[in-house]
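Engineer: Can you make the complete structure from the sequences, with help from the hints?
Protein chains in written order, with the working numbering: chain E, 1 to 195; chain V, 1 to 195; chain B, 1 to 330; chain A, 1 to 330.
Source of the hints: derived by calculation from the structure; they are not laboratory data. This structure is a prediction, so every number in the text was calculated from the model and none was measured. Yeah, the Cβ is synthetic: ideal placement off N, Cα and C, and Gly gets one too. Treat the hints with care, since some could be wrong.
[Said to hold, decoys possible] Residues on chain A that point at chain B, a partial pick, calculated with CB under 10 Å:
#1 4
#2 6
#3 9
#4 19
#5 119
#6 123
#7 125
#8 141
#9 142
#10 225
#11 230
#12 234
#13 293
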Amino acid sequence: MVDVKKVQSWLTLFGEKVTENKEHLNQLDTAIGDGDHGSNLTRGAAAVKEKLDGQSYDELTDLFKDVGMVLVSKVGGASGPLYGSAFISMAKEAKNDADLSQLITAGLDGIVKRGNAKTGEKTMVDMWSPVIDSIKDGSLSDESIDEILQKTKDMKASKGRASYLGDRSIGHIDPGAQSSAYLFQALIEAGVINE
Amino acid sequence: MVDVKKVQSWLTLFGEKVTENKEHLNQLDTAIGDGDHGSNLTRGAAAVKEKLDGQSYDELTDLFKDVGMVLVSKVGGASGPLYGSAFISMAKEAKNDADLSQLITAGLDGIVKRGNAKTGEKTMVDMWSPVIDSIKDGSLSDESIDEILQKTKDMKASKGRASYLGDRSIGHIDPGAQSSAYLFQALIEAGVINE
Amino acid sequence: MKKIINEPDHVVDEMLNGLAFAYDSLVTRIPETTVIARKVEKSNKVGLVSGGGSGHEPSHAGFVGKGMLSAAVAGQVFTSPTPDQVLEGIKAADEGAGVFLVIKNYTGDVMNFDMAKELAELEDIDVEFVIVDDDIAVEDSTFTAGRRGVAGTVFMHKILGAAADSGASLSEIKELADKVNEQLFSIGLALSPATNPEVGKPGFELEDQEIEFGIGIHGEPGYRRETLQPSKELAKEFVTQLKKEMNWSEGDRYAALVNGMGATPLMEQFVFMNDVKKLLVDDEKLDLAFRKVGDYMTAIDMAGVSLTLLKIEDDQWLDYLNAPVDVIGW
Amino acid sequence: MKKIINEPDHVVDEMLNGLAFAYDSLVTRIPETTVIARKVEKSNKVGLVSGGGSGHEPSHAGFVGKGMLSAAVAGQVFTSPTPDQVLEGIKAADEGAGVFLVIKNYTGDVMNFDMAKELAELEDIDVEFVIVDDDIAVEDSTFTAGRRGVAGTVFMHKILGAAADSGASLSEIKELADKVNEQLFSIGLALSPATNPEVGKPGFELEDQEIEFGIGIHGEPGYRRETLQPSKELAKEFVTQLKKEMNWSEGDRYAALVNGMGATPLMEQFVFMNDVKKLLVDDEKLDLAFRKVGDYMTAIDMAGVSLTLLKIEDDQWLDYLNAPVDVIGW
Ligand SMILES: Nc1ncnc2c1ncn2[C@@H]1O[C@H](COP(=O)(O)OP(=O)(O)O)[C@@H](O)[C@H]1O
Ligand SMILES: Nc1ncnc2c1ncn2[C@@H]1O[C@H](COP(=O)(O)OP(=O)(O)O)[C@@H](O)[C@H]1O
Ligand SMILES: [Mg+2]
Ligand SMILES: [Mg+2]
Ligand SMILES: [Mg+2]
Ligand SMILES: [Mg+2]
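Structural biologist: So, in structure tokens, the structure goes:
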């Protein structure tokens, strides 16, 4: 079973990482998008922090739902509905006593339902999907996350704003994959993965 | 008596000088105005050339009137009505068998009636007025013209666009005085003065 | 960054307050939201809502008022508004006959407006929508997120607004919107980039005499960079691209919009329209039955223009375009 | 210079053609002239003519139409039109009840319009005029050519246009114009200079973070350069200067115009209006009974804003400001 407290510190950590790396995310998004991915998620992280601070949850589903709703209503752009849908979908899955890989899989389903991206289209999906495999076979680590992230470099975007660049999107890391990398690094750091 | 043919070559020469020095006049006007004095007068000179080319005048008054009307209707800005009024006023005076100094005095009267400037206000008046004295005492030369011109440098503008600069207009030659300097240099060059 | 603003992240809030104050006879800001709604007696007609990231002013709040939008929802600069805000816009627009959403085809807008639609339906408001995708500079959706929604959106607002005002039903408006969207084509170019105040740096770089064809309204890249050419050559490039798409014939009737991107003076826009006229009317013999020139869908302080053509398939579309409105920016 | 133009010295001609083509239901260009006249049945009312150098678009042709100007006369860029052109404008505007000229106080405009008046009188047309001098940044006429005519001119057009439309006589309009002019005050600032296409270089230079207060609409210098400050500080400087001039009291009624100089996006103009509102309405307790925000009197591609205040001395002025018009740019 996934521990609610640990998940809460996971999500808090995620917010911190995103906030610390706001400029880096904006820069990645400037290269192949509109330069706001860091600002968008930092706005979301601040709202999540405000929501979670001093709050304690008994049920994982409630925690995920609150986070999802806050992200949906504060982030905007493409990443708001995508991350929001991921957490709302995880909230639903959490009702079924799901394990971590089941939860993350539900999150990915939420993203895909909302954004219709397949793997290889240079989006956050290209982080979530291989991460799920790594979680399943117990190989998730900062190194494997970084390896997955680097692979988005060579991809040509065909979803989201980066798709307008066509071939010129090649050679750049996808900002959404980077922010999702922070999410999964935070997962490891918060110890959610090792229980 | 002032010779019509010589006056015609005087005015043609004036147009050439203005056209050659278009950039210089624009630069002077950029410093203390809106940078178009050269363009304005070049436009006027082209129209005067078109009017005079192949044309020959019996009466000085007709020549001055044509030039005045063309300038008024082609130059615009401040200098159009001013130069235009000068020549129209000279056209009137030419009917009275006037000599050169009387003609130029009439021209200055036209300028002053239109623009209400006194000497010392850093305008073309500060060229015309001393030039009349020089013509009267037979001392007009390229050197005396240049001396008069340089004196506009130290003046503070209180008429025309340069007046908005206040003290900052000091230290720059007045563009209208410069174009009038070309007019009187042309006068010498065309031999109108020495008959 | 040289801008007349206070805190960069207060720009949207302060802009909406400034707009609502200046034009308080026409519009109002719904408290605690980024929604600008019109001050018009509700009369059981279809409500029309649009919106998107800020930075496109006068879009979209500038088109709120009688005969055009019922409400506009503003996001952060260049960032789609969130579903809850769009929902507030829908509620403000609802007069009991359903609400129609005009969405520009950008991933973020589509997803957020779609979620808002779901939320509104939970509150028993009928919602339909059109996704405007008029930007021909972009390859189609097999390769990209699909053609972007750009300045043509303003014609959509005008036509649907007049239709709604005349009492058209939600399904009639949906049908009309789809037909208009099929005939709506735009293309743009940039002379200089936009600077998002929250980012602080230009979105891209152009050399001194370099321009970019096919740019989007958030500074998305276009299809070609080259040296600045005379207006008539720029117009020719647009017309060539549009002709490839549209396959017009002599005498076809069109509405045309020359749109400034934010920092391009009207002087240049009128010169450009003059060149467009020579190409489309004098050479191609099209009938440009409706014309507009000005800043309608901007990209903050980008310099550049776009050209939108709408093929008039139905006389009524022209009537709708010409119908009087009471808005800030039309 | 990066501009969407063809030959620099064709800009005015092509711009007028583009405008007349785009808006041919409202206006027409009088052949062989730079006059844009309205397409309104003549009805023996006073004709209203304005104009000046080009580069101030939508001024002045953008205000030609029913309820506002009868005709606008365009000069070369930043250069007053010549008397013969103004005369053509007067003739186009003449409906038999005399023609009123709105002149901005610049030496060239005053002289050329004055000569045109003389020419018109030779043709038995009664002509009266006002010289608008609303720019408080300039010292008075003992030291200068007098205060410049800037964005406030647009309020003058609107008020006189409505008065003319309602049948006021030439002398009544003259009286009204003088009264309005006395209550009309403007002040502007620039973030970046204008580039006259015929000159090809910016009219002045500003450092990266430098702005200039008190700038004129042709890039004439102002009274102070300093580092860019937040919008609210800029607004405060304007309000402080205006207050010195106007000596208002709580509750006084004003019309306010926040005017963009050409390259400043509406986003910033609305933010600025929000700060103006805080100072004038919340702090000074003035009643800003009429408000406008947008590009009305520009300086080509200058970035910056101006603020105009008109003290409403008569309820009718407000009615005139609010009266409907059929023009491109109001
Ligand atoms: N259809 C999609 N499916 C999955 N992820 C997507 C999709 N479209 C965009 N993204 C992700 O969103 C990221 C951009 O988010 P952000 O910059 O916040 O939004 P916007 O593009 O609206 O400015 C991209 O880097 C990409 O990872
Ligand atoms: N009131 C005046 N009387 C005499 N000369 C004047 C007056 N005002 C301006 N000038 C002259 O006109 C010149 C500027 O002409 P120009 O640049 O062509 O017109 P504008 O100032 O309208 O751009 C000045 O340098 C000055 O010599
Ligand atoms: Mg982005
Ligand atoms: Mg000049
Ligand atoms: Mg964005
Ligand atoms: Mg000039």
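Engineer: Against this structure, judge whether each hint is valid.
Structural biologist: Results of checking the hints against the structure:
Hint status for residue 4 of chain A relative to chain B: holds, with the closest Cβ pair at about 4 Å, below 10 Å. Checking residue 6 of chain A against chain B by beta carbon gives a least distance of about 5 Å; that is within 10 Å, so the hint holds. Checking residue 9 of chain A against chain B: minimum C-beta separation of about 12 Å lies over 10 Å; hint violated. Against a cut-off of 10 Å between C-beta atoms, the interface hint on residue 19 of chain A holds, since the closest Cβ of chain B lies about 5 Å away.
Given hint, residue 119 of chain A at the interface with chain B, is violated; its Cβ is 28 Å from that chain's nearest Cβ, farther than 10 Å. About 31 Å separates the beta-carbon of residue 123 of chain A from the nearest beta-carbon of chain B, more than 10 Å, and the hint is not met. Look at residue 125 of chain A: its Cβ only gets to about 30 Å from chain B, farther than 10 Å, so that hint breaks. A least Cβ separation of about 31 Å between residue 141 of chain A and chain B goes past the 10 Å threshold, and the interface hint is therefore violated.
Interface restraint check: residue 142 of chain A against chain B, minimum CB-CB distance 33 Å, threshold 10 Å, status violated. A hinted interface residue such as residue 225 of chain A counts as satisfied when its beta carbon comes closer than 10 Å to some beta carbon of chain B; here the least separation is about 14 Å, so the hint is violated. A hinted interface residue such as residue 230 of chain A counts as satisfied when its beta carbon comes closer than 10 Å to some beta carbon of chain B; here the least separation is about 5 Å, so the hint holds. Hint status for residue 234 of chain A: holds, given a least beta-carbon distance of 6 Å to chain B, under 10 Å.
A hinted interface residue such as residue 293 of chain A counts as satisfied when its beta carbon comes closer than 10 Å to some beta carbon of chain B; here the least separation is about 5 Å, so the hint holds.
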